[in-house]
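Here is how the chains run, residue by residue.
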Amino acid sequence: MNVWRIDTANQTFAIEDVPPTWEQLGGRALIARVLLDEVNPLCDPLGPYNKLILAPGLLVGHMLSSCDRISFGGKSPMTGGVKESNAGGTTGLKLVYLGIKSLLLENIPQDDRWWVIYLSKDGAKFESAQDLVGLGVYATAEKLLERYGKDVAIALIGPAGERLQLAAGIQNLDKDRVPSRIAARGGLGAVMGSKHIKAIVIDARDGIKPEIKDLESFKSAQKRFTKSLMEHPQTKIYADYGTNAMPGMSDGFGGMPTRNFSAGHFEGLERIRGETMRELLLQRGGEAETTHACMPGCTIRCSNVYADENGKTIVSPLEYETVGLLGPNLGIDDLDMIARMNYEINDLGLDTIDIGAALGVAAEAGLMEFGDSKRAMELIQEIRQGTVLGRLLGNGAAVTGRALNVRRVPVVKGQAMSAYEPRAIKGTGVTYATSPQGADHTAGLTIRAKIDHLDPKVQAEVSRTVQINMAGYDSLGACVFAGNGFAGVPETIKQLIEARYGWEVAENFLQELGKTAIKLEREFNRRAGFTAADDRLPEFMKYEPLPPNNSVFDVSEEDLDHIFDQL
Amino acid sequence: MNVTFQLHTALQIQTPAGRVTSLQCKIQSGQSVEQALQALGLQIDPEGTLIVVDHQNVDLDYRPKDGDIIHLIPAIAGG
Numbered sequence: 001m002n003v004w005r006i007d008t009a010n011q012t013f014a015i016e017d018v019p020p021t022w023e024q025l026g027g028r029a030l031i032a033r034v035l036l037d038e039v040n041p042l043c044d045p046l047g048p049y050n051k052l053i054l055a056p057g058l059l060v061g062h063m064l065s066s067c068d069r070i071s072f073g074g075k076s077p078m079t080g081g082v083k084e085s086n087a088g089g090t091t092g093l094k095l096v097y098l099g100i101k102s103l104l105l106e107n108i109p110q111d112d113r114w115w116v117i118y119l120s121k122d123g124a125k126f127e128s129a130q131d132l133v134g135l136g137v138y139a140t141a142e143k144l145l146e147r148y149g150k151d152v153a154i155a156l157i158g159p160a161g162e163r164l165q166l167a168a169g170i171q172n173l174d175k176d177r178v179p180s181r182i183a184a185r186g187g188l189g190a191v192m193g194s195k196h197i198k199a200i201v202i203d204a205r206d207g208i209k210p211e212i213k214d215l216e217s218f219k220s221a222q223k224r225f226t227k228s229l230m231e232h233p234q235t236k237i238y239a240d241y242g243t244n245a246m247p248g249m250s251d252g253f254g255g256m257p258t259r260n261f262s263a264g265h266f267e268g269l270e271r272i273r274g275e276t277m278r279e280l281l282l283q284r285g286g287e288a289e290t291t292h293a294c295m296p297g298c299t300i301r302c303s304n305v306y307a308d309e310n311g312k313t314i315v316s317p318l319e320y321e322t323v324g325l326l327g328p329n330l331g332i333d334d335l336d337m338i339a340r341m342n343y344e345i346n347d348l349g350l351d352t353i354d355i356g357a358a359l360g361v362a363a364e365a366g367l368m369e370f371g372d373s374k375r376a377m378e379l380i381q382e383i384r385q386g387t388v389l390g391r392l393l394g395n396g397a398a399v400t401g402r403a404l405n406v407r408r409v410p411v412v413k414g415q416a417m418s419a420y421e422p423r424a425i426k427g428t429g430v431t432y433a434t435s436p437q438g439a440d441h442t443a444g445l446t447i448r449a450k451i452d453h454l455d456p457k458v459q460a461e462v463s464r465t466v467q468i469n470m471a472g473y474d475s476l477g478a479c480v481f482a483g484n485g486f487a488g489v490p491e492t493i494k495q496l497i498e499a500r501y502g503w504e505v506a507e508n509f510l511q512e513l514g515k516t517a518i519k520l521e522r523e524f525n526r527r528a529g530f531t532a533a534d535d536r537l538p539e540f541m542k543y544e545p546l547p548p549n550n551s552v553f554d555v556s557e558e559d560l561d562h563i564f565d566q567l
Numbered sequence: 001m002n003v004t005f006q007l008h009t010a011l012q013i014q015t016p017a018g019r020v021t022s023l024q025c026k027i028q029s030g031q032s033v034e035q036a037l038q039a040l041g042l043q044i045d046p047e048g049t050l051i052v053v054d055h056q057n058v059d060l061d062y063r064p065k066d067g068d069i070i071h072l073i074p075a076i077a078g079g
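Those sequence lines, one after another, are chains U and W.
For the first sequence, the numbering used here assigns the number 1 to the initial residue and increments by one for each residue that follows.
For the second sequence, the numbering used here assigns the number 1 to the initial residue and increments by one for each residue that follows.
Simulated from the structure, these hints should not be mistaken for laboratory data.
Quick caveat: nothing in here was measured; it's all calculated off a predicted structure.
One thing to keep in mind: the hints can contain errors.
As the list claims (entries may be wrong) - Short, incomplete list of chain U residues facing chain W, as computed with Cβ under 10 Å:
1. K236
2. G242
3. G252
4. G274
5. V323
6. A419
7. T446
8. H453
9. L454
10. N549
Where is the CB? At the ideal position from N, CA and C, for every residue including glycine.
Chain U extracted, bound-state conformation (with noise of 0.2 Å):
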């Protein structure tokens, strides 16, 4: 495996060796590493000394079932720190085929030209995209399939990443070549289009499968692993509900996110939920499927394709995160009206989630009415129109709450909450809090755990708990819910490193990957400016009680300040 280097203002690019202190890490962990090794956490993330940086996990490559993530990361002009955002898809297995262990895009251009940088085993190419410039997600993937043919991976941004908005994020192909695989949060889209790439095509057609020290010791750990993925009440959930299994759920706690968090309980919840979407798609037919793999070989298949009533694809998939931001949020009950939104979002390169809070923080200071659809899609067309609302809106909620005066904004380091309540949740807030990334759904959900999710005592050890282990898994490459797979054989985690690398690792290498990953990533946010300060839930979130729990964030501070003294 190999550092390929990339210069977006020359147009050059080398072949390197893995530095030895990056070599035991991977994705997320790795993202951390380069980052204090090599970008200044006082650069501006959108100027010539913030770097992209591609890593797959270190599980990646191999078809283990759900594990083939790629990460993304650099200096996030959203959160003014460290990010790592991943997704499925197809990227980083095909990264993985051309023996990449870090793609790193430096630098930025002098002139406006645009270009697809095309990897093969030859290297890198760049070549003109001229043409693509201004056209939205779909249609930028279509022509570049075209062009570079079906079996190439594709990471690309739409015209918000064009435009350097805050909100933006890089799209991956999924196994089915849509490009709705989104490493969404924190504006890494932003950072890729201040290096003027549309796209990054990743043609692995003649690259080759890693190799595989022990491939006995492999194949026995992968077994057990999936035997135990495929065996979990909560894998077969997934692939029956997707991800929008969740809102009874949240709701169940009061803690759906309701017309712009100041509510958790959604009264429309019954035309919204999983159960409902489920039994929709199966009337409506067609092109509608219930279940769906994102990236080869995923046994969970928590994905879907959500098709109108004539049984044509209005969006794949259709995510609880996105349901929850632009369905209660905004108080909008309709999910072919949210699925069509979804679309344009993605079409636009943005983030749902945090788009999803703007237009709830819009809604908030009167630019519509909760309930309006209509009026929220109108909204997503100024973005996409580039008027200066939608400028406004493109940035996300943090930029739309200061330009338009709103006190309730849902967001930590600038970056949106996803669809859990943290007063109704309180450990999932001590993760919102704490978490180096921002508010984020994948840094450490606690809502699973059977404890008193309103008890301000017990939260702090739960949330540490996750964060490290989600911390972990996205150094692996693996996705969250492999995660219920791993748990009850943990043992095959350092089994399948150890076969794969021929290294020996902890029995705990999860967690120890995990912790150095936290480690590195508070050490280049308090290199950037963070302090305590930066660790706090919203201060209306502390005195505005919320219905129907009537309860406030009240985790001492002590306990945000002194969460990760023992990594």
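With the hints as your guide, set chain W onto chain U.
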């Protein structure tokens, strides 16, 4: 006493007449959730199921009050 079990995701029952999303039953005062479930013939995996009343986790030995809505939620880790 009347209590309602609200069934989520995999616990909902598919019938030719449609999805059954809740079951109502009468229980004796002092009976536990576990006893009520037995009386109804409803089987759940106690480890993998969240039992939620008034927006909070409760255990199988929870004694319902008249009118309680008891959510039975196959637990998942998030979305």
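Each hint, compared with the structure:
1. K236: Status holds, d = 7 Å.
2. G242: Holds, because the Cβ-Cβ distance from G242 (chain U) to chain W comes to roughly 8 Å (cut-off 10 Å).
3. G252: Where the cut-off is 10 Å and the nearest Cβ of chain W is about 5 Å from G252 (chain U), the hint holds.
4. G274: Nearest chain W Cβ about 7 Å off; hint holds.
5. V323: holds (8 Å)
6. A419: It holds, given that the least Cβ distance between A419 (chain U) and chain W is near 7 Å, below 10 Å.
7. T446: Cβ of T446 (chain U) sits 9 Å from chain W, so the hint holds.
8. H453: At about 7 Å, which falls below the 10 Å cut-off, the nearest Cβ of chain W leaves the hint on H453 (chain U) intact, so it holds.
9. L454: Hint on L454 (chain U): holds, closest Cβ of chain W at ~7 Å, below 10 Å.
10. N549: holds (5 Å)
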